[in-house]
Each structure stands twice: as structure tokens, then as C-alpha cells.
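Keeping their order, the protein sequence lines are chains A and B. In terms of this note's numbering, the first sequence has 130 at position 130, counting the first letter as 1, and numbering is strictly consecutive. In terms of this note's numbering, the second sequence has 65 at position 65, counting the first letter as 1, and numbering is strictly consecutive.
Incorrect hints may have been included.
[Unchecked claim] Straight-line C-alpha distance at most 25 Å; calculated DMTMM-like pairs for lysine to aspartate or glutamate:
#1 A:Lys29 to B:Asp147
#2 A:Lys60 to B:Glu151
#3 B:Lys170 to A:Asp145
#4 B:Lys145 to A:Glu148
Just so you know, these hints were derived from the structure itself, not from any lab.
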Amino acid sequence: MLATGTKAPEFSLAATPDQKIALSQLNGKKVILAFYPADWSPVCSDQMALYNEMLKIFHKHNAEVIGISVDSKWCHLAFSQDRKLHFPLLADFEPKGEIAKLYEVYDDELGECKRALYVIDEKGIIRWSYLSPVGINPGADGILDALEEMEKK
Amino acid sequence: MEYWMHWKKWKKNKIMSKLKPAVNSKDHAQGAANASVELVEYGDYQCPHCGRAYPIIKSIQEKMGGDLKFVFRNFPLAQIHPHAVKAAIAAEAAALQDKFWEMHDYIFEHQSRLNEASLINYAGHLQLNIEQFESDFSKEELAQKVDDDFESGVRSGVNGTPSFFINGEKYNGSWEEADFLAHLQTLAQ
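For reference, chain A alone in the conformation it holds in the complex:
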């Protein structure tokens, strides 16, 4: 994974069928990037459901959470509506996994993103990262610890 203290690579990916989100648009906010293998698979759904409930807590830390997988924007739309998610899911769809590769969290064998987290500060610098075993929901304690640690400095 990319080292803590380095600049998070810029990207611009579809968040909805007619809207893209670029990392640079979120300058001034902390960003939690949650790479995950696939919409609909049970563990991912739990993980996204958890982050969905935590938006209030993330916002208290001036942080936005973004999910990224190789699913298409239409798949994300259906998944997001079904689970009533209130944060964006980005489609790393074409070229497939390009951004995941840039962030060194692409699984070539499965053709999916690994289950990985990055916390990026207001200036776009990576402050924390975590690679979880693919079958395990990493929860959010690590993210909260990282957000708090950043505020101490």
C-alpha cells in the first residue's frame, strides 16, 4: 500500500450515472477511502451499512467516506438504493481497477479491489492505511483512532 505521509494520487470516478467525484474536490476535508471487493457480497454490505450509520460521527471529524469498487455505476446505484446508503460509491470500472492499482490495493487474481482503507488529511496527504483480510469486515475503530490522532497534531 502507499506510504503514510505521501500525497494521495488524484482520481476522478463516476459516483452516479451523470456525476463524477474527484479527490481534489474534497480538499479541506478529511477523506476515508474504503476500497472493497464487490457490491452485494455479504461482508461488504455489512461494512458499508456500518459506515452509513457512522456518517454523523465522521462529519463531526470533518471527514467524508467514499466507497470504491470495480462495480459499474449502475450496479452501485441499485446497491446504494437498496441499502439506503448516504455516501458515494465510486465505480473503478473502466479501465478496470485503474485507481485501485494506483493505490496498490488491486487483487489481480480476483479482478477486484482488496478490502483496504486509507485516511487522507485536508491537504490530500495519506495519514493512515489498513489492509484487511478480504473476508473480514474491518469495522471502524482504526478509522476513528486515525481521525483523532490527526486532530491532536
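Let chain A serve as the given structure and place chain B on it in line with the hints.
Chain B alone, transformed into the frame defined by chain A:
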């Protein structure tokens, strides 16, 4: 094979998730205060898995008696379970009339019928002072208590419901009755 290697390495490196804060006077606890085994559940009243865990815990409590202390903390997933927060608040409101566990049990025993109106009926069944219950139900402090429980769960590494902590450490094993009981009994003195 490779997956298991990864898992073992991960387990070794990851510091076990600890319960934060530790069980304290704000918690609802059953069983002996000085029991050798302290089991904490983070649960959601509308979660079907928590519904399935409910009779398992009850049975384990019976079998372990004074060796087990059981604490329930709220972890409602409000977006997927629209009645979960209200149910959690209802149990907290019942607690103000010393009937937390009665409400907790009643909600789980009638989980398929859960909605906001039914919660008021439950209060009636439990012979709570309804006027008081309704007034407490809308209190900001109770909603805050449920939020605080949720946040403590997140900090403690809760990643879904039900999540269990045994003597302050997250338990990631099976909670099927035979497995769970055997594990808890090995910890009892």
C-alpha cells in the same frame, strides 16, 4: 491456504479489539456483579441475527448461573432497520421504571411485530406507567444514551450485530449455543 496464512499473520499483528469504555454503572447488567465471566452484547432489536442469539444467551445464562454477568449495549443499524432506534429508546425508557430487561426480552420475543406503535403496547403489557413512558420515550437523553452506546461499539471494533465481548475482549468465534457455552465455561472459575 494463502488466505489462512494471511489470516494468521493478521491475527498476530492486530491488537485484539478491546471494549471501550469498560462495563460501568450506565450499563444494564444481569447476573452476579462479581461473576468470573463478563459477556457484553452489542445488539440491534430489529436484527434477525440478534433475535436468534436472544434464546441462546438466555439458555447460557441459565446454565452458567452466578458465573456469568451479561450486559446489553445498543447498536441499532437505523438505515436498514427503521424501528431499531425506537426500540432501543423504549428499552431505555423502561429502564427508568426498572424494567429494562423485561422490555429487552419482550421486544426480542415479539421481534416480527416490532414497530413504533407496538412499543407502546409492550409498555402496557409490562404494566409500566404509560404516561411516564411516553414522556421519557421522547427525551433527548435517552436518544443520546443510544447514540453513545453505538459510538462506544464502533470504538470497540463492533463491525456488525450481534457482536460479543468477553471479559473486555472482542469475541470472534461461533455463538451457536454448544460452542459459545463451552468457550464461556472454560473461562469460568
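Checked hints:
1. Of the pairs offered as hints, the one joining lysine 29 of chain A and aspartate 147 of chain B holds, with about 24 Å between alpha carbons and a cut-off of 25 Å not exceeded.
2. Taking the CA atoms of lysine 60 of chain A and glutamate 151 of chain B, the gap is near 12 Å; set against the 25 Å cutoff, the hint holds.
3. A hinted pair counts as satisfied when its Cα atoms are at most 25 Å apart, and lysine 170 of chain B with aspartate 145 of chain A qualifies at roughly 17 Å.
4. A threshold of 25 Å between alpha carbons decides the hint, and for lysine 145 of chain B with glutamate 148 of chain A the separation of about 22 Å falls inside it, so the pair holds.
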